[in-house]
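> Numbering (the numbering used here), first residue to last: 16 to 401.
Keep in mind the hints are simulated off the structure, nothing from the lab.
Treat each hint with caution, since some may be false.
Unchecked claim - Distance condition first, Cα-Cα at most 20 Å in a straight line; then the derived DMTMM-like pairs of lysine to aspartate or glutamate:
(1) K319 <-> E373
(2) K156 <-> D115
(3) K382 <-> E276
(4) K135 <-> D115
(5) K156 <-> E184
(6) K382 <-> D28
(7) K156 <-> D108
(8) K319 <-> E306
(9) K156 <-> D217
(10) K319 <-> D295
(11) K382 <-> E366
(12) K319 <-> D372
(13) K57 <-> E26
Claimed, not checked - If you anchor each label on the Cβ, the simulated ranges turn out as follows:
(14) R238 <-> G340: 45 to 51 Å
(15) R390 <-> V202: 15 to 21 Å
(16) E306 <-> R128: 21 to 27 Å
(17) R355 <-> G81: 27 to 33 Å
(18) N290 <-> W159: 26 to 32 Å
(19) D217 <-> E276: 23 to 29 Å
(20) E397 <-> G137: 51 to 57 Å
(21) D385 <-> M131: 34 to 40 Å
(22) E276 <-> R335: 30 to 36 Å
(23) K294 <-> L320: 14 to 20 Å
(24) D372 <-> R335: 14 to 20 Å
These figures come from a predicted structure and were not determined experimentally.
C-beta atoms are modelled at their ideal positions from N, C-alpha and C, and glycine is treated no differently.
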Amino acid sequence: MIPYGRQDVTEADIDAVVEVLRSDFITQGPAVPRFEDAVAAKVGAEHSVAVNSGTSALHVACLALGLGPGDRLWTSPNTFVASANCGRYCRADVDFVDIDPLTWNMDLSELERKLMQAKKDGQLPKVLVPVHFAGQPTDQKEIWELAEEYGFWVIEDASHAIGASRNGEPVGSCRWSDITVFSFHPVKIITTAEGGMALTNDEELAEQMSLFRTHGITREAARLQQMAPGPWYYEQQQLGFNYRMTDIQAALGLSQLPRLEEYVSRRNVLADRYNAAFKDLPLQLPIVLPENRSAYHLYVIRLKLNEIQKTHREVFEELRQKGIGVNLHYMPVHLQPYYRELGFVAGQFPEAERHGDEAMTLPLYPKMMDDEQERVIVAVREITER
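Construct the entire structure; sequences and hints are all you get.
Here is the structure:
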């Protein structure tokens, strides 16, 4: 089975991890701050906070922004559930903004319409979480202008998008957001096995996120509420969590980071080949806006089922039978049982629902061989050609 995604771990990566295992620090040592500094420098952000998952990064970001009961978080329904769950962890209300039919990112015209109505109703969001779906950047400048007009915080969920850029500016610079979140799960662009990072240009937000990732505890003299009686002294100032990244994970990330450009370039080459091979098929192919460079974490197509004359499930299962490890990104979040219990129903976000009914993720990863991709192309053509 050719998987839809696969990590690339080299001997150099293994050596880097082994070096940490043989050192005095395997959890909280020098590798984590080195990795934080390296990622921040790569994307042009001032501060970074490494944590044990992208989900944790979203959670500490919401906490640092003061999201809580009675507040609202809006995000895209076409995403992994973590983009919405981070709001629920803070006991805030969650709502969604439908997606653009071409980019599959948040529809900004729909966002603006919804903000205008929410202002009239006195129900504006405190936090907006736009998602860089599949690696394509959202229009953060336009979102930032809306944030300034309507007074909400912006967390970029860039879990798919390290290595991507818009108008030449790397995703993660936080020029047009308060916080950006990356994920380093194995199938993401680079990996720390499990891990995530929150980046910001706001020093106070960075300090708050650092506090929340470590039980709410600090030893920093400048932040203590009373004079330390000795070097052993620390204070728990918030109800925080054990969300720390280990030195083992950070060492793997540091070893992978120099290959980021190589990985993203290869993903774009593979995506271009798919686009050329599928241009005459009854498929909607991913569109990357001219000002964008996608990281192509995922290569997602949408099936024109009325032309293929097969069901979504039939195409999915036929490809699996041919050894093609297709997947679905995503089932709309608002239709998950948990969110249905909160009052969401089918029909509220029709484009995201159509996407879920038609989308299919094809295999794409940096070490994918040309003959493997050709197997995918042949299989897709056989099953979907008119």
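> Which of the stated hints cannot be reconciled with the structure, identified by number in ascending sequence?
Violated: hints 4, 7, 8, 11, 13 and 21.
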